[in-house]
Each structure stands twice: as C-alpha cells, then as structure tokens.
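Line order of the protein sequences matches chains Y and G.
Going by the working numbering, the first sequence opens with residue 847, and the numbers climb by one from there.
Going by the working numbering, the second sequence opens with residue 7, and the numbers climb by one from there.
Certain hints may be false.
Interface residues of chain Y toward chain G, partial, derived using beta-carbon atoms under 8 Å [to be verified]:
{"no.": "1", "residue": "V909"}
{"no.": "2", "residue": "E922"}
{"no.": "3", "residue": "T1182"}
Source of the hints: derived by calculation from the structure; they are not laboratory data.
A quick note: this is a predicted structure, and the numbers were derived from the prediction, not measured.
No residue lacks a Cβ here, since even glycine has one placed at the ideal position from N, Cα and C.
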Amino acid sequence: MKKIIALALTLVMIFALAVPAASAEAKEVKVGFIFLHDEQSTYDLNFMKAAQAACEKLGIEYVNKVGIPEGQECYEAAMDLVDEGCNIVFADSFGHEDYMIQAAMECPEVEFCHATGTRAHTEGLANYHNAFASIYEGRFLAGIAAGLKLQEMINNGDITADQAKIGYVGAFTYAEVISGYTSFFLGVRHVVPEATMEVTFTGSWYDLSLEAEGAQKLIDDGCVLISQHADSLGAPSTCEAAGIPNVSYNGSTIEAGPNTFIVSSRINWEPYFEYIIGQVQAGEAIDADWTGSILTGSVELTDVNEAVAAEGTPAVLESVKEAFAAGEIHVFDTDTFTVNGEKLESYMADVDTDPAYEGDTEVISDGYFHESEFRSAPYFDLQIDGITLLDTAF
Amino acid sequence: MNNKAHTPLFHVSRRAALPWYGAWGIRAAALIIALLACALITNLITGLNPLEVYATIWQGSFGSARRTWVLFQNIAMLLCVSLAITPAFRMRCWNLGGDGQMLIGCLATTACMILLGGKLPNGVVILCMFVSSVLAGAIWAAIPAFFKAKWNTNETLFTLMMNYIATQLVAYYIIIWEVPKGAGKIGIINQSTQAGWLPQIGSYKYLLNILIVAVVCVLMYVYLNYSKHGYEIAVVGESERTARYVGIKVDRVIIRTMFLSGAVCGLAGMLLVGGTEHTLTTTITSGRGFTAVMVSWLAKFNPIWMILTSFLLVFLERGAGQIATSFGLSASYADILTGLILFFIIGSEFFINYQIKFRHAAGKED
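Kindly generate the complete structure, drawing on both the sequences and the hints.
Written out as structure tokens, the structure is:
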C-alpha cells in the first residue's frame, strides 16, 4: 500500500509542477468554439476555417472543442469554455441549442451564440443569440449552375427534356433541408422548366455510407445530376465513381470529384464571427437573431469547375447575383411554384418554436415567400409540385 | 536422429498466484511504461514537450472544480454499468449487452418523463421512472438468460444482438418524440418545468448520482461476497456440474443473476437520463456497456477495485480530450494515446499470470 501511495504522491507532484498557474483574464475577448464533428465533416470544417480566419484577423485568442455531441456534453463544454475565460461561446450544430440556452441562463455575463437555432428570438435571454444566413440564395444560384448543365446535356442530346431528373440527398425532413432543396430545385427550374427532382433522406447529418447509398439509389433511379444537404463526402465520391455531375454544399469537393464537381454553395461565417467579436469589444449588444446574406458576404459560391460546368456558367451566375442585389428576383416567388397544383396566396409558417408546430406567422406577401426574415433559421417547409420524396421516415 | 533436447531461448510458464502488491506493482509499472511510450510518440510526431502533454491530461480531469465534478459523474456512470455486469461475469456468463440494457433503461425513463411529466406529481413520476427503467433493463437481460438457461444458447452473441434492437427502438422513438418535427432530436426534456428531473443536492448537479452509485457499489460488494446468492454465483462460475451436484438450481441462478445485472444497467440508464442528460439519443450511453467489460475485468470482478479501474479509464478519456482541445490536435490523436495506454495495461495482465524464463534460468532449474 505504501508503494502505491508513494507512487501516487510522486505522480501528483510531477503533475502539480507542470500545471501552469491560472492567470486572470483581462477584459479582452476570448472566443470558445464548439463543433459537432472534427475537420472530416465539411460542415464543421467550414465553421473551423471561418473561426480561425476571423480570430487571426482580429488578433483574438480562441479555443476549439471538436467532436462535441448534441447532449449534456455540449453544456459541459460550454461551461468549461466559460471557466477557461471565454466571454463568447459559439456552437455550430442545431442540436446544441437547448444546452447552449441552459448554459446561457447560468452565465449571464457571457455571450452565447448558436448557428442554425430557432429559439433566441422567443427565449428572451439577453446573452443568447441565433445566427444563420440566407443560404437559399446560394442554393438557388447553385441550382442555376445545375440547370445550365442540364440544359447543356439536353442540347448535346445526352438526355431528352423529360429525362431531366435530378436527385438530392437530404439529412432530415426538417425545414432547413426542405428550404435548401426547394431553392436548389427552383434554381434548376429557372433554367430548365421541365426538370423534376427526387429526394432521399439519410436520417443523419453525417454518415458517409448512408449518403453514398442514397446517391447511388438516386443514380439507379435515373437521376442525371445530384446535389446534397448532408455533411460527408459520401455523395460527391459516389457521383465521381458513377460519372454523374454533382453540386456540393459547405465548400468545394473538387478533390473528391475532379470530373464531376460543378460548384458548391456555402455559408461564410467569417462576417458573423467578426460581428460578434466587434460587438463584445465595443460593449454593444449582439442581435438575438442575425441573418447574413449574399450582400453581407455570408452566402458564397465556390469557384465554378469549368471542366464540368456548362459554358458561360460564371457569367450567368454573376448576372443573377446582381439581380438579387437589385431585388429583382425572389427565390420563393409564388409565381414559380405550386403546392398541390395551386398557387400559394397565404401561408402561416412555424416561426416560433412550440411543441405543436403550429403556424404562427404569415410569411407570404408581395408575391413571394419571405424566407429567413422573421427569424434567421429557415422555415420554408412546403412540399412543392415537381419534387418527389422517396422516403420520409426521418 | 538428433536426440539432443532443444532448449528454446525462453519459455513461458504460469505463475503461482502473485501477492496483491506484486500484481499491482506490475500494473503500475505498465502504466509508467505506457506514459513514457506516449511521451516518446507525442514528441516524435508533434514535437510537443511530453511534460506539457501530461500536465494537460491532468488538467482535463482536475483543471477546474467543474471538470472534477464531471470526472466523478463519468466515473459514477461507468462504475454503475460495470457493477451491473459483474455478477453475470463472476458466473462466467458474458453479458455484453450492458449497453443495450442501459439504453432501454434510458428509453423507459424518457417515456415516463415525456408522457407523465407535468401530469403527475414529480415524486410519482420519478418513482415510475425508477420502476420502469429497472424493469426494462432487467427484462432486456432476462430474455437472453432465459434462452441460455433453457436451451444453452450463446449469451455473448445474444446479448450483443439485443444491443442493436435497443438502439433501433430508441431511434424509432426519437422520431416519434422529436422537437421540432423532422429535426431528428429530442432536446432537453421538460427544460422549463424540470418535470421528472432527479432532485439536485444543493448546488451540486452530479452529487446525487455519485452517492447513489457509491451505495450500489457497497451493496454489490456485500451481495457478491457475503450473501448466499453471491456464493451460488461463484460456484456456478467455477463449475456448473459442481453447482448441480451440490443442489444449486443453475437455470434459476443464471436467470436471476442476469435479471439483476440488467436491472442495475436500467438503473444506470435512469440516473443518466433523469439525473444529468435529460434527453435521449441513440449514442447516449457512449459505449459504456462495453468499456464496463474492461473495467470489470481489470478489477478482477471486485467492486471496490472497480472504482480504481473506472477512474483510470475515465481519467484517460478526459485527459485525451483535453489534449485534443489544448494543442489543436485531432480527436483521433487522443484515441491513439488512450489505445496505447490500454494496450500496456491489458498487456500487463499477461505478466501477472505468466512468467518468462530465459534459457540459463531454465537450465538452473533442471
């Protein structure tokens, strides 16, 4: 027993010597980031790159916690970051929200920011904030690039117009995904009005094999172009193997698909990170609900892969982008889609989260669906005509 | 023909039982060698100062009061599952279904919290959570036990497969209870009302769970070492035939022990969901049912030693996570270090049970 005690004491002393004395944090900004997965996930990588860029640009100290699941671990990670002296804590995944709110309630002096969440505007907490970007604009542009490719395939005689069926691998039947694939589809239709789309769901935000299987199923079903809203390289790799053009998300996947990658839309989080850091430095309040857009530089398209994309794609994208800026085009223009064969005049969306998912806000006016205006996270959850859902288990 | 006996360079023979301090000396030596190996590899790959890395491992568990609480909470949960599977293990019945039994306990607890929370007084809800989770875990374990007792099915495979059924059941109910629709997650259950949440002792979030598991640990120690049931378990474990010969009803002992095993797993599930997590996911158990096998085995199925082995495993896991955070290394690197350390610790069991004799030493013996 003595030996063990002696050994334990020795170890304690060794460690105690090596532990640096905790230094008191000055009134400087230190940001703690919580990421759901590690850099293998395109979704988290997109956040990590922006976090690094924003903090290095502003000369801010930051700490990353990667691989934090959507459970009690998120609360513990957030509180641990507070203990380490962070005065801004940011979490990147939808399921982190409840735990961030719990931490925000306990630490009123720290700002908690959460991407993709829905509760900040109704929660009434001064230190809890949501953020998102109008990524549907980016999806729409990516859809136009896809539509141009389809048109080229039709013109070349590779497919006929009624074979213009595209596929989409989604994660869940959740508004964020529905809004994403619908805006992508409307972009495609902007170019090829007769296009149709099939959507399959994986029931996971990150599952390499399920996403690959989903893409393969769509390809076997006759889809001639694939896009996805899930975070692994499953779909891009499958498309590359099958030689099917792919429109990606969260950043370029050209390395996984040099012969099939067309373009990718992504949210650039750098403007948001710079915004929250700036507000805290200046002692100003952060918006409860912040929506970035193409105009704030928050929504971006990657470089077009000209080896795959239709000729002239960048120029067309540029002109549509300008039309956005001028307010000439609205993605969810009610003249461009129907629900159950009818044009939509009115829709009550579920903007304020409640257990019954009741619609509470009129979102259609001036001839278009006002996405991401009443809160940052998407709430477009309509099933429009022309899109077939293959499975809706999730 | 060459009749000259060939003497190998060394041979391995079984040791007579080592005194306990000898065995723990070997284990401690293994731990130290493991830490040295980790230091070397860390330095070679990343160029970091190994002492800093160790300091970080230490900080992962004891860097702040909160981390220490989280450490003990995690030890308590791992220990609870380890205690649960131990009676079955002592009986040489390999219950690899601890994870599933715990998960089904989590599911039962969640069901009570969602369906009864706010409709019944909180005390009654918690009572329902307790009864249903313990029963759910017990039944989940008793099914394979029944088949083993009646038809001698393989309990290892059977309990393992029950895990997958539990996972899929949980996945199914998450879709039913998800908030908001289509999101695929439940979130914190009853966040505003706290209905069905286990009470908090003072300002200590994790204390109740830790105390309950400490009590379970003592009870399990007494049950296994000083009760008639415990003795029967030991006899069945040594030899079923002997057990039958002395009039022990082996079938009954198997089913009863597995029932108990599952019940404690279910309790662990309730403590996890009702006490700290307040949510349900398919991965909520973090594979503790499997880690528990190692905890129990390393401690030679002794509940008191299990406190130490579960501490060791949780300490390493927390430290590894802290390395990833502090040095910006990939989380996989932390897993490599944990794996390396476990390799040495498990490997040390070989040197506890066997000794290696080299040629000249062997010669002397002759």
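Evaluated hints:
{"no.": "1", "hint": "V909", "in the structure": "holds (7 Å)"}
{"no.": "2", "hint": "E922", "in the structure": "holds (6 Å)"}
{"no.": "3", "hint": "T1182", "in the structure": "violated (24 Å)"}
In this structure, only the earlier hint numbered 3 is contradicted, and the remaining ones agree with it.
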